[in-house]
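Colleague: Using the sequences plus the hints, can you model the full thing?
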Amino acid sequence: MKPHGSIRRRLFFQLAGVAAILSLVFILVVRGVAERAAEGTQDDILTASATAIADSLRSEGGGVTLDLPYSALSMLGTINQDRVFYHVSVAGQTLTGYSDLPLPTAVPLVGARQLETLTYRGEEVRAVSVSRRVGPAINAATAVITVAQTRLGLEAISRQITLTATGVGLAFLLLATALSLWAANSALAPISRMTGSMTRRGPGDLRPVRAQTPEELVPLVEALNSFMGRLRASLSRTEDFITEAAHRVRTPLATVRAKAEITHRKLNKPEHKQAIREMIRAIDESSRSAGQMLDHAMVTFRADSLARDVLDLRALVNETCDRLDPTAELKDIAVDRHLPDQPVTIQGDGILLQAAMQNILDNAIKYSPAESDITVRLTGGDTIRLSITDQGRGFGGADPASVTKRYTRGSNVGDVVGSGLGLTIADEVARVHGGRLEISENTDGGGACVSLVF
Amino acid sequence: MRFLLIEDNMQLAANIVERLQLDGHAVDHADTLEAADDLIAVASFDLILLDIMLPDGDGRSFLEKHRQARERTPVIVVTARSAVSDRVGLLDLGADDYITKPFDFSELEARCRAVLRRQGGAADNQKSFANTTLDSASAELRFGGQAIALRNRELRVLEVFFNAPGQVFSKSHLMDRLFSLSDEASENAIEVYVGRLRKRLEGSGAKIETVRGLGYRMVAV
Amino acid sequence: MRIIGFLIAVLMAGAAHGFEVEDHRHYPAQDEQTVLRVISTADLGVFEPVLLAFQTAHPDISIDYTVTGTSDLMAAIYDEGASFDVAISSAMDLQTKLANDGYAVRYEPTAIDLPEWANWRDQLFAFTQEPAVLVVSDAFFALDETPRNRDELIALLRESPQRFDGKIGTYDVRRSGFGYLMATQDSRNSEAFWRLMEVMGRLNARLYCCSSDMIRDVAEGRLALAYNVLGSYAAAQAADTPGFQIVEMSDFTNVMSRTALIPATVQNEQGAQAMIDFLLAYNQRPDLIDATGLPAIDSALFQSNTALRPIRFGPGLLVFLDQLKRASFLKNWESSLEQR
Numbered sequence: 001m002k003p004h005g006s007i008r009r010r011l012f013f014q015l016a017g018v019a020a021i022l023s024l025v026f027i028l029v030v031r032g033v034a035e036r037a038a039e040g041t042q043d044d045i046l047t048a049s050a051t052a053i054a055d056s057l058r059s060e061g062g063g064v065t066l067d068l069p070y071s072a073l074s075m076l077g078t079i080n081q082d083r084v085f086y087h088v089s090v091a092g093q094t095l096t097g098y099s100d101l102p103l104p105t106a107v108p109l110v111g112a113r114q115l116e117t118l119t120y121r122g123e124e125v126r127a128v129s130v131s132r133r134v135g136p137a138i139n140a141a142t143a144v145i146t147v148a149q150t151r152l153g154l155e156a157i158s159r160q161i162t163l164t165a166t167g168v169g170l171a172f173l174l175l176a177t178a179l180s181l182w183a184a185n186s187a188l189a190p191i192s193r194m195t196g197s198m199t200r201r202g203p204g205d206l207r208p209v210r211a212q213t214p215e216e217l218v219p220l221v222e223a224l225n226s227f228m229g230r231l232r233a234s235l236s237r238t239e240d241f242i243t244e245a246a247h248r249v250r251t252p253l254a255t256v257r258a259k260a261e262i263t264h265r266k267l268n269k270p271e272h273k274q275a276i277r278e279m280i281r282a283i284d285e286s287s288r289s290a291g292q293m294l295d296h297a298m299v300t301f302r303a304d305s306l307a308r309d310v311l312d313l314r315a316l317v318n319e320t321c322d323r324l325d326p327t328a329e330l331k332d333i334a335v336d337r338h339l340p341d342q343p344v345t346i347q348g349d350g351i352l353l354q355a356a357m358q359n360i361l362d363n364a365i366k367y368s369p370a371e372s373d374i375t376v377r378l379t380g381g382d383t384i385r386l387s388i389t390d391q392g393r394g395f396g397g398a399d400p401a402s403v404t405k406r407y408t409r410g411s412n413v414g415d416v417v418g419s420g421l422g423l424t425i426a427d428e429v430a431r432v433h434g435g436r437l438e439i440s441e442n443t444d445g446g447g448a449c450v451s452l453v454f
Numbered sequence: 001m002r003f004l005l006i007e008d009n010m011q012l013a014a015n016i017v018e019r020l021q022l023d024g025h026a027v028d029h030a031d032t033l034e035a036a037d038d039l040i041a042v043a044s045f046d047l048i049l050l051d052i053m054l055p056d057g058d059g060r061s062f063l064e065k066h067r068q069a070r071e072r073t074p075v076i077v078v079t080a081r082s083a084v085s086d087r088v089g090l091l092d093l094g095a096d097d098y099i100t101k102p103f104d105f106s107e108l109e110a111r112c113r114a115v116l117r118r119q120g121g122a123a124d125n126q127k128s129f130a131n132t133t134l135d136s137a138s139a140e141l142r143f144g145g146q147a148i149a150l151r152n153r154e155l156r157v158l159e160v161f162f163n164a165p166g167q168v169f170s171k172s173h174l175m176d177r178l179f180s181l182s183d184e185a186s187e188n189a190i191e192v193y194v195g196r197l198r199k200r201l202e203g204s205g206a207k208i209e210t211v212r213g214l215g216y217r218m219v220a221v
Numbered sequence: 001m002r003i004i005g006f007l008i009a010v011l012m013a014g015a016a017h018g019f020e021v022e023d024h025r026h027y028p029a030q031d032e033q034t035v036l037r038v039i040s041t042a043d044l045g046v047f048e049p050v051l052l053a054f055q056t057a058h059p060d061i062s063i064d065y066t067v068t069g070t071s072d073l074m075a076a077i078y079d080e081g082a083s084f085d086v087a088i089s090s091a092m093d094l095q096t097k098l099a100n101d102g103y104a105v106r107y108e109p110t111a112i113d114l115p116e117w118a119n120w121r122d123q124l125f126a127f128t129q130e131p132a133v134l135v136v137s138d139a140f141f142a143l144d145e146t147p148r149n150r151d152e153l154i155a156l157l158r159e160s161p162q163r164f165d166g167k168i169g170t171y172d173v174r175r176s177g178f179g180y181l182m183a184t185q186d187s188r189n190s191e192a193f194w195r196l197m198e199v200m201g202r203l204n205a206r207l208y209c210c211s212s213d214m215i216r217d218v219a220e221g222r223l224a225l226a227y228n229v230l231g232s233y234a235a236a237q238a239a240d241t242p243g244f245q246i247v248e249m250s251d252f253t254n255v256m257s258r259t260a261l262i263p264a265t266v267q268n269e270q271g272a273q274a275m276i277d278f279l280l281a282y283n284q285r286p287d288l289i290d291a292t293g294l295p296a297i298d299s300a301l302f303q304s305n306t307a308l309r310p311i312r313f314g315p316g317l318l319v320f321l322d323q324l325k326r327a328s329f330l331k332n333w334e335s336s337l338e339q340r
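Protein chains in written order, with full-length UniProt numbering: chain Y, 1 to 454; chain F, 1 to 221; chain L, 1 to 340.
Treat the hints loosely; a few may be bogus.
[Said to hold, decoys possible] Pairs of lysine-lysine residues, derived as PhoX-like cross-links and limited to a Cα-Cα distance of at most 20 Å, are as follows:
#1 207(F) with 171(F)
#2 97(L) with 325(L)
#3 331(Y) with 366(Y)
#4 269(Y) with 259(Y)
#5 273(Y) with 171(F)
#6 171(F) with 199(F)
#7 207(F) with 127(F)
#8 269(Y) with 171(F)
#9 331(Y) with 171(F)
#10 273(Y) with 259(Y)
#11 266(Y) with 171(F)
[What the hints assert, rightly or not] Here are some of the chain F residues that sit facing chain Y, going by a computed Cβ distance under 8 Å:
#12 11
#13 15
#14 18
#15 106
#16 176
#17 180
Think of the hints as simulated: they come from the structure by calculation, not from any bench. Just so it is clear, CB atoms sit at the ideal spot from N, CA and C, and this is done for glycine as well.
Modeller: Structure representation (structure tokens):
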């Protein structure tokens, strides 16, 4: 059956997909949070620096002066090696610092801070501005202190965090992918177990499945069991029906045939006797055909799930010959068995093999003239060969391959009762056992040689 | 031979009985297992023909009981089921052979003969006439201290003559004995076999003579 | 001598500079491919072995070596935009300002056998560690009289003002960047500094531009002592000039590092990088350390001698370069020292 999609694959891809999304979210969140934290840290230190500078402003002799505290700048060097710029202006006039450092777009309120990211001296800098009122209360001036720092350290931290988060995310993804694979397999293990137990079953085993079943599979197993129950019932009905039909048909046929034989015995005119004989032949033919069709159906059924019993072919050959000896004896045909001393073992279905042999031997007896010999020869070894050679009429030059086709008979057998299924059955049995049926003309004394080769 | 036929279909049973009687056999018929048990209790049989489907029970249970009672009488099952698989079960249950309906009586007879031979033979398998003995079990003709082995068809023709010495048998009667009705055979074949048998009987006290226009008969020399 | 040397240097350079060139020498390569122009505050007498060793390693590079003062070096690069390939200075604060304000290019050195603090932003590279010391004249001091810390020094000076009047030397921090750095670091470390300056002022301390002059005057007995002298120069001079002692103050001794950077005006960048790599490997050349007398970087020394205060790179060094801060520091310094 061509599969449509795979639960295992779908389960795996869905789990792995979820893991991938989680990994990505994890990376982005960690990076975002960490970057904001690092940015916040820089902003806070810059603010502290600017505030320290603002606190050092004092008015002196009518003007404003500043004793830049050492810590105001040195604190900026504690966490990274970024460049530092500062600018102090009072009433719009530069007091000290980098006079070309851009002033904040808006003067921040006292006690508040103004944060800006701008480009200065070819590099992106983070600038924090605070303001102070300095000087005597009447004509106090507004001082704006801006401290700026490049962000290379921040970028390095961000790179490091991104790298770490990505590494952790990827490791998580790998782990999750492996776990997804495991989870998909383990989730489907009960199905594999059930499949295994179903496959191991014999051809006739239609018992309900009793294996321990996970909750989700219970409906499936119940449906399967109910289906098998119906199949079992249907099969047994069919079997009963066939048996019953055979009985119902064969018993009257037997009555008619017996009656016909009696009548035949009592009649004297040859043309009457001939008529009865034709009737008997018709009865035999229909019964034989029915039998072979049933045999053929059985071969097809049993071949689907072939039994693998270890058998000694010699025993099977002996049984088959014993069974057919009385029939051969009627025509004074001797069946010579040539069997090796060692057992010839084969793995297979004894009933099928016997059906094949019986059909071949039955054919041989049917087509052999009275007082002839049939040789049954079994040889073991790497190739097992069972040949049945008769001295009959052979296949009359017909294509040996075509006589194994269903309902095809040799071109020269019109006068013998048969359905044409015998060799077909033998051929199919040989093939399901990994062997073949060989048909050739018997080289000495005419007749046919039919071999089962394994 | 004395048969016990266990068969519930009265019509078929009547025909089988009649057909076997034509060949000179004695047949008792039971249409139930109970009746069969009654018959077995009072008489002894050479062979039992058992239908497997019976109104008061499966033939298989009869087989089992029969084997457990260590009855030696061979049983040939007559079955409407033809599959090979059915046969295995029947033989395992203790049937000596089986034959599928509808059957050829010559085949039935051949099977009976084979079963009996395996068993060691029926009591009355020897017939004598004019210093000459026919042993059906060993398929031998004995006279004057010599034993001549016979082919199956020769034996069957001779049995006809030894069962009724002096009686004239038509060619067609002999043919019926020799050939299955589904075989094509000509009356010339009978002449071949009679010719052979005359050779076999040379030097014995019996001979087969031709009654012109009627057939053959066996007479003392 | 100095004036003549200066004139020669100016003539040789063939160009007019706004900064004062103290000395200049060209070291032609055997097989000249490129010229490396170095501006440095290290005297030729001290630094020549390094230059020659560099040329041995790179025989295709000629060296054009210009000696100037720390402030002049700063002015040359910061204000005048003079073009040099390497700038070597003992004023860490000025070098830091150059780097911070974008006057240095980045280089990731191949040598990695240095403590992390010796490299700032891959722009500033320290390769020596030199203490600022007190140099005392044998003629003025008995061995047991030598002051071991600033308090003892102050007490000694106060005890006998007549003995030391006009006999004390220190840097003129207005002219010497190195002197300014040492003074500001002193002022950060201890209140004793201002008291010392007061005392020195009262004793009519003489002000110098350069360590070598102070050492010479101490050795020749013109000075009793000189404060904040570059220890490496003193040690070098002590080897062949008798008459003075070197004292490392036990309360604290500032230790500065000589630093190199590649100016943004670099023309021979490859040569400059080679020089940086060479200088960073300086601590693996005991022969050069012997020849120059400049101690190489050795972090372990700070573990064993806790009085040593290394000056570290960082924006803190920019503080005393602030216009207002500098102005107020110099005002204080002048009012302490110049009490005439």
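Colleague: With reference to the structure, classify each hint as holding or not holding.
Modeller: Results for each hint:
1. A hinted pair counts as satisfied when its Cα atoms are at most 20 Å apart, and residue 207(F) with residue 171(F) qualifies at roughly 17 Å.
2. Between residue 97(L) and residue 325(L) the alpha-carbon distance is near 15 Å, which keeps this suggested pair within the 20 Å criterion.
3. Note on residue 331(Y) and residue 366(Y): the hinted pairing holds, with a Cα-Cα distance of about 9 Å set against a maximum of 20 Å.
4. About 17 Å separates the Cα atoms of residue 269(Y) and residue 259(Y), which keeps this hinted pair within 20 Å; it holds.
5. Only pairs whose Cα atoms come within 20 Å are accepted, and residue 273(Y) paired with residue 171(F) is accepted, the gap being roughly 13 Å.
6. About 19 Å separates the Cα atoms of residue 171(F) and residue 199(F), which keeps this hinted pair within 20 Å; it holds.
7. Pair hint residue 207(F) plus residue 127(F) holds up; C-alpha atoms about 15 Å apart against a cutoff of 20 Å.
8. With a CA separation close to 12 Å, the supplied pair residue 269(Y) and residue 171(F) stays within the 20 Å bound.
9. Using a Cα cut-off of 20 Å, the hinted pair residue 331(Y) and residue 171(F) holds, with the two alpha carbons roughly 18 Å apart.
10. Between residue 273(Y) and residue 259(Y) the CA atoms are separated by roughly 13 Å; this keeps the pair inside 20 Å, and the hint holds.
11. Note on residue 266(Y) and residue 171(F): the hinted pairing holds, with a Cα-Cα distance of about 13 Å set against a maximum of 20 Å.
12. Checking residue 11(F) against chain Y: minimum C-beta separation of about 5 Å stays under 8 Å; hint holds.
13. Taking 8 Å as the C-beta contact cut-off toward chain Y, the hint placing residue 15(F) at the interface holds, the least distance being around 4 Å.
14. Interface restraint check for residue 18(F): the shortest CB-CB distance to chain Y comes to about 5 Å, inside 8 Å, so the restraint holds.
15. Because the beta carbon of residue 106(F) sits about 6 Å from the nearest beta carbon in chain Y, less than 8 Å, this interface hint is met.
16. Annotation: residue 176(F) was flagged as interfacial toward chain Y, and the flag holds, the nearest CB pair being 6 Å apart, inside 8 Å.
17. A cut of 8 Å between beta carbons decides the hint on residue 180(F): the least distance to chain Y is about 6 Å, and the hint holds.
Consistency with the previously given hints is maintained throughout, with no hint failing.
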